[in-house]
Amino acid sequence: MWLSHPSRCLRRVGTTARTIYTIRMTSITTRCLILACGNTLRSDDGLGPWLAQWAEEKFLSNPEIRVLNRQQWTPDLSEEIACSESVLFIDCSAESAPGEIRLFPVEPSAPKDGLATHHSGAPELLALGLELYNSLPSHALMLTIGAGSTELGERFSEAVTAALPAACKAIEETVLQWLG
Amino acid sequence: MSQTITIDPVTRLEGHGKITIHLDDQGQVADAQFHVTQVRGFEKFSEGRPFYEMPSLMARICGICPVSHLIASAKACEAIMAVKIPHTAAQLRRMLNLAQMVQSHALSFFYLASPDLLLGMESDPANRHIFGVVGAKPELGRAGVNLRRFGQHIIELLGNKRIHPGWVVPGGVTEPLAPAKRDEILAMIPQAYADIALALKAYKQIADTFKAEIDVFANFPTNYMGLINEDESIEFTDGALRLIDSKGAILEDGITASRFSEVIGEAVEPYSYTKFAYYKPLGYPEGSYRVGPLARLNIAKTMGTPLADKELVEFKQLAAGPVQSSFHYHHARLVDMLYGIEKIEQILSDPLILDKHVRAIAGVNRLEGAGQAEAPRGTLMHNYKVDENGLITWANLVIATGQNNNAMNRGVLQAATHYVKDGKFTDGVLNRIEAVIRTFDPCLSCSTHAFGQMPLAITLLSADGEMVDQVIR
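Chains as they are written, first to last, in this note's numbering: chain E, 3 to 182; chain D, 2 to 474.
In isolation and in its complexed conformation, chain E is listed as follows (with noise of 0.2 angstroms):
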């Protein structure tokens, strides 16, 4: 049989009348939840795992700021992320100029193409937690860095380095909003 949640863990939303059932494995709601994303043997694409670390750091007195860093963002982080108030994804882009920041807000969407086991993006994973324990984020943003490289190495490039101090400023400022 299915456990009932704990109240304090999970917001309901919209006014879906299905009967809202789920576990917490874990006893803390989530004020505000960084989850990065990133591989630190990929150049760049290490930044993800990096700024993790710095913001852990300065973060680190905070018990309200959760922070986790993946190599792959995962379908089991839909809990984790359906019981924060607030949630700031960060991972390096191939899209965008090399260096150049970008802070946009992410909206719950289902996955437009086949697979989604090994890695899953921050809407698809918005979506699973709406689907599965129907409760959104209030707030929910994708910080990223355009990657200059993706190649193989511990280094990040000169564009992506030169970006990082204004990066943790914006995490700072995102994060220090959301706690008002």
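Errors might be hidden in some of the hints.
Said to hold, decoys possible - Below, simulated DSSO-like cross-link-like pairs (lysine-lysine); rule was C-alpha separation at most 30 angstroms, straight line:
no., chain 1, residue 1, chain 2, residue 2
1, D, Lys311, D, Lys138
2, E, Lys171, D, Lys162
3, D, Lys85, D, Lys162
4, D, Lys182, E, Lys60
5, D, Lys138, D, Lys357
6, D, Lys162, D, Lys357
7, E, Lys60, D, Lys162
To be verified - Simulated DEER-style distance windows between Cβ atoms:
no., chain 1, residue 1, chain 2, residue 2, range
8, D, Ala363, E, Glu156, 50 to 58 angstroms
9, D, Asp125, E, Glu97, 25 to 33 angstroms
10, D, Gly64, E, Ser111, 38 to 46 angstroms
11, E, Glu97, D, Tyr272, 19 to 27 angstroms
12, E, Glu59, D, Gly255, 30 to 38 angstroms
13, D, Lys45, E, Leu178, 49 to 57 angstroms
14, E, His141, D, Glu369, 52 to 60 angstroms
15, D, Thr303, E, Pro65, 43 to 51 angstroms
16, E, His141, D, Lys182, 28 to 36 angstroms
17, D, Gly167, E, Arg104, 30 to 38 angstroms
Stated by the list, open to error - Computed footprint of chain E on chain D, listed as stretches where at least three residues anywhere in the stretch have a Cβ under 8 angstroms from a Cβ of chain E:
no., region
18, 122-134
19, 137-147
20, 354-363
Note that these hints are calculated values from the structure, not bench results.
Note that this is a predicted model, so its numbers are computed, not measured.
Glycine included, each C-beta is placed from N, C-alpha and C at the ideal position.
Add chain D to chain E, keeping to what the hints say.
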């Protein structure tokens, strides 16, 4: 004119594979092959490394079952050290291995296979994924997400990382279990029971609708191999291997890691980087066998835990002897998971589980060592040779997917022969042929390596597609 149908890549697998189906002049299936097209070469580039680095190096082979490689590798190193690890370390490793099995099986069943099982083999390919499952059966989607996280979270609690934890080392583990972590794992267990019960019930409700697939999804007699305890109960981490024939008679028993290479050989085919394991006394291919959940349940007389034992009794009623259709891997996988949850709960009640003595220390006492364990997909064996300074001079890994390779190829041919008629096929037919491979849940990243002759084919084609030369080595 003969034709070749190629399915490339085969989807919802761990790694990249390809299937080719060869048709004769009448458009009937003449042959079919499953190719593993990537090579990793871990055995070769581990040469020269200190043996104690091997568990961490070998775990990098795979992001799905690194724990199995950690354990088999550490056991091979312990054979070189000639040590027996402390009881608590053995129990903690057993729990880690079971947690990995649960999370890996959850990925296989819920994420990879359930789109076919719940939405149908003929369903819209654009919807055949975990999101489609969640849309159709949200309660099962939640169960899958929960069970995957159950296993991953235990791995993270024990090893401090979800993937590639460095906690398992030659001689034991690096740190004991903290009481708070034990309590956190225990708190997750009731929900895990609820989730696996839901999955078993749902599977049994739909299994009968796949009678046609059960008949032709690698449904033929083979031998089976898996780890087993002295009391004939299922085992994942210790014990010894048993090999049975297609009627259930024991071919070989008590196969320890040090005897593995005496009993098991590896053949090479030119179309795949994965080798083909076989039982030496029967030769290749007659000595081919299957490993993994189906083999484990065919071999075990008991699971050793009450709920899984009830499921084992029901599972064994599927056939008079060993259950032969690979479709039943799905069912066996769920029983494995139930066992894993129960066993983890049992291990946590061990009065010595919080003991601080979790590592044995020793240097090089033997120049060769082998270790074996059950990975989620089946038996895994690591074998190393070192020089007097402990540097690796030779390594060989025998991976579950290689041991299932012959059955996978035969299974593809069986399904293709049944479904492909007159050179015509539909998406549903091709999906069924892929689904045969999916029942085995192969890990293609793990299964390719450089040992002995590398099966490499180079084909030279003319502009109009005619082959003018081919080199095979």
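Tested hints:
Taking the CA atoms of Lys311 of chain D and Lys138 of chain D, the gap is about 26 angstroms. The hint holds against a cut of 30 angstroms. At roughly 29 angstroms between alpha-carbon atoms, Lys171 of chain E and Lys162 of chain D fall within 30 angstroms of each other, so this suggested pair holds. Between Lys85 of chain D and Lys162 of chain D the CA atoms are separated by roughly 26 angstroms; this keeps the pair inside 30 angstroms, and the hint holds. Distance restraint check for Lys182 of chain D and Lys60 of chain E: the Cα-Cα separation of roughly 26 angstroms lies within the 30 angstroms cut-off, and the hinted pair is therefore satisfied.
With a C-alpha separation of about 45 angstroms, the suggested pair Lys138 of chain D and Lys357 of chain D falls outside the 30 angstroms cut-off, and the hint is violated. In summary, the hint linking Lys162 of chain D to Lys357 of chain D is supported, as the alpha carbons are separated by about 21 angstroms, within the 30 angstroms threshold. Our distance criterion of 30 angstroms between C-alpha atoms is met by Lys60 of chain E and Lys162 of chain D, whose separation comes to about 22 angstroms. The beta-carbon spacing between Ala363 of chain D and Glu156 of chain E, approximately 34 angstroms, falls outside the hinted interval of 50 to 58 angstroms.
In this structure the hint that Asp125 of chain D and Glu97 of chain E lie 25 to 33 angstroms apart at CB holds, the actual value being about 28 angstroms. The hinted range of 38 to 46 angstroms is not satisfied by Gly64 of chain D and Ser111 of chain E, whose Cβ atoms lie roughly 26 angstroms apart. Remark: the range hint 19 to 27 angstroms for Glu97 of chain E to Tyr272 of chain D is contradicted by a beta-carbon distance near 39 angstroms. Range check, Glu59 of chain E to Gly255 of chain D: about 53 angstroms between beta-carbon atoms, so the 30 to 38 angstroms window is missed.
For Lys45 of chain D and Leu178 of chain E, the Cβ-Cβ distance of about 52 angstroms falls inside the hinted range of 49 to 57 angstroms, so the restraint holds. Take His141 of chain E and Glu369 of chain D: their Cβ atoms lie about 59 angstroms apart, and the range 52 to 60 angstroms holds. Judged by the Cβ atoms, the range 43 to 51 angstroms given for Thr303 of chain D and Pro65 of chain E holds: they are separated by roughly 47 angstroms. Separation of His141 of chain E from Lys182 of chain D is about 33 angstroms and conforms to the stated range, judged on CB atoms against 28 to 36 angstroms.
A C-beta distance of roughly 36 angstroms is found between Gly167 of chain D and Arg104 of chain E, which places it inside the suggested range of 30 to 38 angstroms. Counting residues of the region 122-134 of chain D whose C-beta sits closer than 8 angstroms to any C-beta of chain E gives 6, which meets the bar of three, so the coverage hint holds. Given a C-beta distance limit of less than 8 angstroms, the hint that chain E covers the region 137-147 of chain D holds, as 6 residues qualify and 3 suffice. With 0 residues bearing a CB less than 8 angstroms from a CB of chain E, the region 354-363 of chain D misses the requirement of three and the coverage assertion fails.
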